[in-house]
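Starting from the structure of chain Y, add chain D where the hints point.
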Amino acid sequence: MTAPFPTRKQEEWRYADLDALRPVWEQLAEPRTLTIGAGESFEDVWQPTADDVHVRRLQIALEAGARARLFVLNTAPVYGRIELAVSLAEGADFELYGANIGTGLSTNEIVTTVKHIGIGGRSRQTIRSVLNGKATGTYLGRVEVAHGAQQTDAEQSVKAMLLGRGATANCKPELEIFADDVKCAHGATVGELDAMQLFYAESRGLDPVSARALLLEGFVMGLWDTVENAAQHDLIATAAKDALRRVV
Amino acid sequence: MLEITNLHATVADKPILNGVSLHVPAGEVHAIMGPNGSGKSTLAYVLAGRPGYEVSDGSATFDGKDLLEMAPHERAADGLFLGFQYPVEIPGVSYLQFLRESLNSQRRSRGEAELSGAEFIKLAREQAKLLGMDAEMLKRPVNVGFSGGEKKRAEMVQMGILAPKFALLDETDSGLDIDALKAVGEGINRIMRAPDKGVLLITHYERLLEYVRPDQVHVLQAGRITRSGDIELARELENTGYVEAVA
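So the protein sequences, as listed, match chains Y and D. Just so it is clear: in the first sequence, position 248 is 290 by the working numbering, and no numbers are missing. Just so it is clear: in the second sequence, position 69 is 75 by the working numbering, and no numbers are missing.
Keep in mind that the hints are not guaranteed to be accurate.
Covered stretches of chain D, going by a simulated chain Y footprint (3 or more residues, C-beta under 8 Å) [unchecked claim]: (1) 47-57; (2) 71-84; (3) 98-104; (4) 108-121.
Far from chain Y by the CB rule (all over 10 Å, computed), these chain D residues [said to hold, decoys possible]: (5) GLY25; (6) GLY138; (7) TYR211; (8) GLU244; (9) GLY247.
For the record, the hints were derived by calculation from the structure and aren't laboratory data. The structure displayed is predicted, hence computed values, not measured ones. Even for Gly, the Cβ is constructed at its ideal location relative to N, Cα and C.
Chain Y on its own, in the form it takes in the complex:
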């Protein structure tokens, strides 16, 4: 890896755990690159590993009419980073469903740049973070709509749930638009578990920990609803449930 070590002055590394990154930086592979040919479809599900530090980086070029769907679970015990750079040619379609789930002192972040280059592209990014302890969860999502990429339809939905007073969520959807006929929506919320929902669940017989876990499942598990590969779906759903049980 020859790239210079990043600094926090770089926006895309602003919330990173650089101390955790430093020892692995030299061995870190260059971002993978992937081209999805015109009209083709691609789906991938990124399961978490047991590694303390887990950095995954991918560049995807979607040719005309190509589709990609990515499901990612970011739950490294120390530092997890998922970095995506996606470009969409005419009529291409990109969907990202991602979760940061962390507790302790962990930092998990999802950093994306989605470039709409051709006309009529569609992108959807749905990110949910559940954070306890002193954990940090970050989504930095930049959407660029190039000059001439008319009828772009881009959406970012970013929600974070803070379970502990010491946890931090950073949500930064960002838009840069150079076309005038586009639909770009983004929403970001940071909240806590709803007291009335908890009481409702407890009044039905769930103990407080199970009630919290159930509500968090409701908050996160919908991300995996559209995974087509059933085995992959079950793996990521189970991994997410386990991660939620650890942070609840």
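Positioned in the frame of chain Y, the structure of chain D alone reads:
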């Protein structure tokens, strides 16, 4: 079965219940009526253990056990059920998952065997059918997108599935059309009318009481029971209103 003595409670430091005493023996259905703001819902929440509802004096026991010492889920496992005036929506959690986990959690704490997925679905379908609710709705997230009437019917389906010993029903009849009201009334009778069960039914209107036929009717005003009687009291209130009836 349910014994409430001189119960005082505050919400956000404001006194709402000012000495409620009430005894509901096993096998009976009691109704509580009263004007807005008289403390009816507060009484239900205090008995179910909602956080923020502070008991400042008095006691409430359920089958001889101190209800106020127990956490909400322990009260549920002991057989207490609260039918909510405003059932809560839980996005992302299906009714089937919610109720199966709730029921099995109750059963575990009572030392009973858990129901398998198949056993539970059979039970849920039966209860939904009895309440005239499409069982497919149980696959949907809890109360999300349900109409007011559907939510109340769903509360009764929950009651049927959880099979409590005692039901506190907080305005289960509000917002119901005539058919739904009848279904809810029949549901209460079918599920809760038994020698070893009891019901405290909070309502504004006399109409549900024509279906459920309470053994006693109480009037709650300014945080106290001011009158008690039989169903004739409810009919009288319907005609005269609370002010005149109690004066």
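We went through each hint and held it up to the structure:
1. 47-57: Since three or more residues must qualify, the claim that chain Y covers the region 47-57 of chain D holds, with 4 doing so at under 8 Å.
2. 71-84: With 6 residues close enough to chain Y, the hint holds.
3. 98-104: Coverage by chain Y holds for the region 98-104 of chain D (4 residues, Cβ < 8 Å).
4. 108-121: holds (count 5)
5. GLY25: 25 Å, holds
6. GLY138: At about 22 Å from chain Y, GLY138(D) clears the 10 Å cut-off, so the statement holds.
7. TYR211: Holds: least Cβ distance 24 Å, greater than 10 Å.
8. GLU244: At roughly 30 Å from the nearest Cβ of chain Y, GLU244(D) sits farther out than 10 Å, so the non-interface label holds.
9. GLY247: Non-interface label on GLY247(D) holds, nearest chain Y Cβ at 32 Å vs cutoff 10 Å.
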